[in-house]
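Asker: Protein chains in written order, with my numbering: chain A, 1 to 103; chain B, 104 to 604.
Bear in mind the hints are in silico, worked out from the structure with no lab data behind them. These numbers were taken from a predicted model, which means no experiment stands behind them.
Calculated cross-link-like contacts (lysine-lysine; reagent style DSBU-like; alpha-carbon spacing at most 35 Å):
id, chain 1, residue 1, chain 2, residue 2
1, B, Lys136, B, Lys205
2, B, Lys257, B, Lys205
3, B, Lys260, B, Lys205
4, B, Lys550, B, Lys566
5, B, Lys256, A, Lys98
6, B, Lys484, B, Lys550
7, A, Lys98, B, Lys260
8, B, Lys260, B, Lys484
9, A, Lys98, B, Lys205
10, A, Lys98, B, Lys211
11, B, Lys566, B, Lys205
12, A, Lys98, B, Lys561
13, B, Lys484, A, Lys98
14, B, Lys205, B, Lys140
15, B, Lys257, B, Lys140
16, B, Lys566, B, Lys211
17, A, Lys98, B, Lys257
18, B, Lys387, B, Lys300
19, B, Lys561, B, Lys484
20, B, Lys257, B, Lys211
21, B, Lys140, B, Lys256
22, B, Lys257, B, Lys136
23, B, Lys136, B, Lys256
24, B, Lys550, A, Lys98
To give an idea of the chain B side of the interface with chain A (calculated C-beta under 7 Å), a few residues:
id, residue
25, Ile246
26, Ala265
27, Ala273
28, Thr274
29, Tyr281
30, Phe287
31, Gly291
Where a beta carbon is used, it is the ideal one built from N, C-alpha and C, also for glycine.
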Amino acid sequence: MSLAHYLTLAIALFTIGLIGVVLRRNLLVAFMSIELMLNGVNLSFIAFSRYLGDMQGQMAAFFIVILAAAEAAVGLAIIVLLFRRQGSVQSNLFQNLKDRIEV
Amino acid sequence: MQVLDNAASFQYFLPEAILGLTLLLILILDLNKELSKSRLIAPWTAGVGLVLYIVVALALRVQLPEAITFHGMMANDAFTDFFRVFSGASALLAIFLSMHSKELEGVKIEYWILILGITLGMPVLAGANNLLMIYLAMEMVSILSYIIVGYLKKSRKSSEAALKYVLYGATASGIMIYGLSIIFGVSGTLDVLEIQKFLVNNPVGTGRIALFVGLVMTLAGFGYKISAVPFHMWAPDVYQGAPTPVTAFLSVGPKAAGFAILLRFTYTALAQFNPETGIFTPLKYLDITGLMAVLAVLTMTVGNFLAIQQNNTKRFLAYSSIAHAGYMLIAAATLSSLALQGVLFYLIAYFIMNMGAFAVAIIVINATGSEELTAFKGLAKRSGGGALIALLMMVFMVSLVGLPPTFGFVGKFYLFMSVIQAKLYWLAVIGMLNSVVSLYYYMRVVKHMYFDEPEDDKSLGLKGFVFPGVVASLGLATVVLGVYWGPIVTFVQESAQLISK
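Here chain B stands alone, though its shape is the one from the complex:
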């Protein structure tokens, strides 16, 4: 694989350059007194920039061959391109939700700039091929997330969430970088592909204990980013305190980026890939698949069981997102190309259904002003579009459980199929049992919406067709892709290509 220098690498970085320029453009537009009065100019510019970003990323995916760019700092392969599109799309939806949320009425331009900044960091994290780059990209996403979580300066909860996030985040990234320094010390290089070469050519396992310690510390950092147990404690508090659209964004975008780097690291540095058979084999003396399997089981079980007793909508969705991280982790434990495709597939499904659920939560919070799950009571009977919104929420809930005929079911099917093919039957059984547990708490929301009476007679007050239309199209996508998912499978199969030597 050729390693390109900075000048030759720039064409690969064109999408990110567009995003960076959009960010600067918003700053410049705000200097104009007339334009800065309009509240719509900044989000619309950001939206156009993001659409352009996705289009250019998709075009480059076809145009340019995969390469290692910037002297080995970044790996630009189909996998990175997948996460470019994914982060762009999640930011686009987050901006849309922010524009329609009452919590965020009258936000200043730095809010949109922060979202763009996080979006810029995510694909860089997904493509990082150097230990230092992993740390830098992760901090780029994290530091901006701290600020955006505490964006509501007048809200006590928002500031407290930011404090908890920054303390957890700084500690976790400190532990991770210490682990990376140990890996650097033993292997003598920061380059992920060189580390793989070192590990393969080191069959006796020199410094294996140090390597293992370094690796576990590194995984702590990744685990914090994807909110895997036991590094999940920040997630419910931060998700509850942050503005709801930010919560929606954090639970999808940065979490997916965390998964991207976790998968890239485990699949390239810690495994041997045979291009002819397409089989990944773990390193003999540094096999972490068992550890990952245990983490996966812990994550989904803790997430699901703690979600049962939640009464706050955002906390409930936070624990649900922890549980979903657990489902996706079982594929990281499997180490096969099928599992890699399964995770990417599930990420798309998770993106659609989770964003949908958060969109409905925003509608309910806007109308009732309450973040409690009881605000969902009698949603179907509320005036102002209650019947439609309740139906959509039911679709998202059914999909989050993983019942047919929804996209969530197909996603889970692919995940569990890869686990069964790897002969990890116990893991698949625990995963399915966990889905049964999740049925209880997701269906509780459905019960609230259809069988309980509303506690007040507030109307949902949906105006226009844009916001309900977007939520409805997310719901429609959940159902349609649950029946016809062929194109997504093709896209995912093309995307699950990692550069490995």
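Isolated chain A (complex conformation):
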């Protein structure tokens, strides 16, 4: 397995995650997609780190895991807050804030 294999997988994970965030209407799935993106990033860091023989990349991966958890905690707390009010986690229900264009 060469570096290219790992990087291809990393890009695939990242892209699937990015598409998921943009397209999925369910907020929980959107957050899962963000985690997928970050896992792609982790894989990319670790593959480069192994290839370069430099431990900094693996260190970076640990920090990203921690921050992803922190971000998920805050994000889920906000989703719970919205679920209690609306009874749903579909993102198209939350459109009170937008430009009102009056011609």
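For this one, chain A is given, so just place chain B on it according to the hints.
Answerer: For chain B alone, coordinates are given in the frame of chain A:
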């Protein structure tokens, strides 16, 4: 440049240590049942801590030579110190505004702790010298901002704003860290100054396409933080939904920190600095100045044109702050020490006039309970200090347009001067045309205040001298510094010093 180890670096981190201790102190004070009943203890402790923070930061700026600290994680130079003072001051004003806002009546201590936490993250972001540190500091600012935007749990708008912010923020930072991983992979290091060394010693441009892709992804993350087009979509929604003092804070503090890291990255990693001539030259095969110029033009044009049709005060100020990010971006596109000074100068001007405009907005929202621009109608005729507040708002609006004799004019003058000196005439012309567009919507507020009749007869109900006094001193500063700006120029010239090898 010497790289200090952790023990030797600690003295450079003294201001942040003070801020961290203040944060803990507020938590401990709240454990005492008697003290926790007082609503004033936490904001006052935070305020004292912030004043101490600014004083120590200014003292260290004189005392300690610039250095790379914490094994290369942070760069402690005059530039970092500038943003220490800047973030401290913006947090101080945000705390003051929060204490006088009706939206935030009865907030618990975690609100003040969140503000202090964001403030702790901002100078770290400004001084980050390592790709991982950039990511960590940016997340420290962002994650706490998500919480503080959604702080009003009962408000539907506030929660929705927090949701949009967290989705945009997490995606943007994910894209950024992927870009950083590519830069790490090609250059083989996370250290910003080492990356610069690699790029300079790599004249044939090995992996230039990968580097360029990584760089653009990184800029997406920075662009999100400063709300540059096309990463600005979150800003109006978040600014509208968040409590008004939080909006004021977000539009100044974290945005300035975003600019700090954008400038540090472009000026140290992507440019060669000649200390004798003082000229920054972009790397031949990785020149992003053109890209930045396009982003700047897009940002100010979109910001200005969308601000025209806004009817909500906070949304209107959000688009105005996007437009101002555009003006400041033209200097990032220029890559010269004059432009660097121009941005820092403009940030100070923007800080004063934007905070002033938000303070007036808070007064109006407190009195009328309406966030619509129509609430400004007949402000000058309202009882309870309407004439003074309308006059101050006019000063802030004139300054935001960039007309003399205000600080905003001098700031814009410095920015456009640096662009003209770099022979980017088209950019300067577009910038000035944009200022003309902005004249329309800022003056609409002035027209509302002076030429329209109020829709109700509510009094502004300003009590005491403290709140009007602070707003008035912001207005006074806008005018006085618009005539006599010498000390600020000296301060900015001393601050525009970045460590580069």
